[in-house]
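Undergrad: This is what each chain is made of:
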Amino acid sequence: MSALELSRVSKVYGSGASEVQALRGVDLSVEPGELVAVMGPSGSGKSTMLTIAGSLEEPTSGEVSVGGVVLSRLSRSEQAALRRRAIGYVFQDFNLLAGLTAAENVCLPLELDGRSARSARAAGLAALGRLGLAERADRFPDELSGGERQRVAIARAVVGERHLLLADEPSGALDSVNSEGVMRLIRASCQGGVAGVVVTHDAQLASWADRVVFLRDGLIVDQTARPDGPESLLEADPAR
Amino acid sequence: MSVRHALLALLSEGPKYGLRLREEFEQRTGEVWPLNVGQVYTTLQRLERDGLVESQGDDEAGPQKSYRITGTGAGELRDWLRTPPDLRSPPRDELVIKVLVAVRVPGVDVHEVIQTHRRHLVELMQEWTRIKRVTGPEDLSLPLVVDAELFRLDSVIRWLDAAEGRLRRSAIDATAPDRVAQHGGGTHAGTPEPTRQEQVRR
Numbered sequence: 001m002s003a004l005e006l007s008r009v010s011k012v013y014g015s016g017a018s019e020v021q022a023l024r025g026v027d028l029s030v031e032p033g034e035l036v037a038v039m040g041p042s043g044s045g046k047s048t049m050l051t052i053a054g055s056l057e058e059p060t061s062g063e064v065s066v067g068g069v070v071l072s073r074l075s076r077s078e079q080a081a082l083r084r085r086a087i088g089y090v091f092q093d094f095n096l097l098a099g100l101t102a103a104e105n106v107c108l109p110l111e112l113d114g115r116s117a118r119s120a121r122a123a124g125l126a127a128l129g130r131l132g133l134a135e136r137a138d139r140f141p142d143e144l145s146g147g148e149r150q151r152v153a154i155a156r157a158v159v160g161e162r163h164l165l166l167a168d169e170p171s172g173a174l175d176s177v178n179s180e181g182v183m184r185l186i187r188a189s190c191q192g193g194v195a196g197v198v199v200t201h202d203a204q205l206a207s208w209a210d211r212v213v214f215l216r217d218g219l220i221v222d223q224t225a226r227p228d229g230p231e232s233l234l235e236a237d238p239a240r
Numbered sequence: 001m002s003v004r005h006a007l008l009a010l011l012s013e014g015p016k017y018g019l020r021l022r023e024e025f026e027q028r029t030g031e032v033w034p035l036n037v038g039q040v041y042t043t044l045q046r047l048e049r050d051g052l053v054e055s056q057g058d059d060e061a062g063p064q065k066s067y068r069i070t071g072t073g074a075g076e077l078r079d080w081l082r083t084p085p086d087l088r089s090p091p092r093d094e095l096v097i098k099v100l101v102a103v104r105v106p107g108v109d110v111h112e113v114i115q116t117h118r119r120h121l122v123e124l125m126q127e128w129t130r131i132k133r134v135t136g137p138e139d140l141s142l143p144l145v146v147d148a149e150l151f152r153l154d155s156v157i158r159w160l161d162a163a164e165g166r167l168r169r170s171a172i173d174a175t176a177p178d179r180v181a182q183h184g185g186g187t188h189a190g191t192p193e194p195t196r197q198e199q200v201r202r
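The listed protein sequences correspond, in order, to chains F and E. Position one of the first sequence corresponds to residue 1 (our numbering), numbered consecutively onward. Position one of the second sequence corresponds to residue 1 (our numbering), numbered consecutively onward.
Note that these hints are calculated values from the structure, not bench results. Cβ coordinates follow ideal geometry from the N, Cα and C atoms, glycine included. Worth double-checking, as some hints may not be accurate.
What the hints assert, rightly or not - Which residues of chain F face chain E? A partial, calculated answer using Cβ under 8 Å: (1) S15; (2) S65; (3) L82; (4) F94; (5) A173; (6) A203; (7) A206; (8) W208; (9) V212; (10) D222; (11) T224; (12) A225.
The following block holds chain F by itself, in its conformation from the complex (with noise of 0.2 Å):
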């Protein structure tokens, strides 16, 4: 079973003359453990598809499940559950809430969910003390690091029992070791058997995924093939 289905998505935006159709029929499948990147210029309507996917938003048309639940078949306040167990996010702003610590921050949607303070507490320390934040879990977002604060958010994303991790630009603005150090987290989380879909335009970040999917108004027009073995370069040409 698929972790995440998307079943010729559409989604229109506004109607008449100023319609707009962000996504057009778009099929996509991830399974557990594997981690998809979807690449696009702006406006190829990757972003309406990781929020689609996310339950954030609804299609105009076509289906989408996670973990073989048809989203469409569960009522609002069933939705919203999945979200807060099944489905982590990260953004490109990190979204943390700045009254919140670290731990406070990560826990919340443990909280959210009617676990006891306690518990989400000692999984949040878990999650954080993964990600080498285990000495910074008291901080406010303020006093950290852009790097520790991105990995917060993925703290946050993968807390619980997720299976589906969403990520979009998840490496903002930070430099190119810090966001290696994203992916790195990122990939992590998959081996560990969570699916994961990044959105991105960065084709370095990209790299850093299974399969590379690609995006162009509205529809997925490409993708890269299954990857040789990691010896097929340095065996490719004694020349070089």
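Chain F is fixed; fit chain E onto it per the hints.
TA: Leaving out everything else, chain E in the frame of chain F:
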């Protein structure tokens, strides 16, 4: 890649045998540039002829012969490190030529040509990134070499993106007067025009 200067750099750490120079060259370049032993000895002979290294031992260039760098060799190495490579004259880039040609050839969709190259480049970048992924933190050379390749390929993709953006913009500009005429004549545009995508909400 200058094998000559790479060997001088390795010898600047102390005298070494030819075989060891080859091993160290491959290690330091992340084993991305394999070097055959003949290349090493030929280069060492030329360096010796030019007075940049000295050999110890009477044999012909071979595994038993040790080399050390001379004062002139050390000066040459320092100069080389600071000499900018020639980046002023644009290389005759095959990809640029293909895109320029694709724009002109009837029946060829330049966007499809661009996407074919973009996909190929991203696949290459995925391969390099996989190498970096499995590299331990103790190895510094390989990630440095891989980053250089990734940035180079990335710059080519950025150029393709820019080229595609420019071609689209130029197509929109070319059709603009027709659109004005159409709307001005009261004709209803039944299907959304492709340019509408420019306004698609992110």
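Undergrad: Does each hint fit the structure? Answer for all of them.
TA: Okay, the hints, checked on the actual structure:
{"no.": "1", "hint": "S15", "verdict": "violated (12 Å)"}
{"no.": "2", "hint": "S65", "verdict": "violated (24 Å)"}
{"no.": "3", "hint": "L82", "verdict": "violated (24 Å)"}
{"no.": "4", "hint": "F94", "verdict": "violated (18 Å)"}
{"no.": "5", "hint": "A173", "verdict": "violated (17 Å)"}
{"no.": "6", "hint": "A203", "verdict": "holds (5 Å)"}
{"no.": "7", "hint": "A206", "verdict": "holds (6 Å)"}
{"no.": "8", "hint": "W208", "verdict": "holds (6 Å)"}
{"no.": "9", "hint": "V212", "verdict": "holds (5 Å)"}
{"no.": "10", "hint": "D222", "verdict": "holds (5 Å)"}
{"no.": "11", "hint": "T224", "verdict": "holds (5 Å)"}
{"no.": "12", "hint": "A225", "verdict": "holds (6 Å)"}
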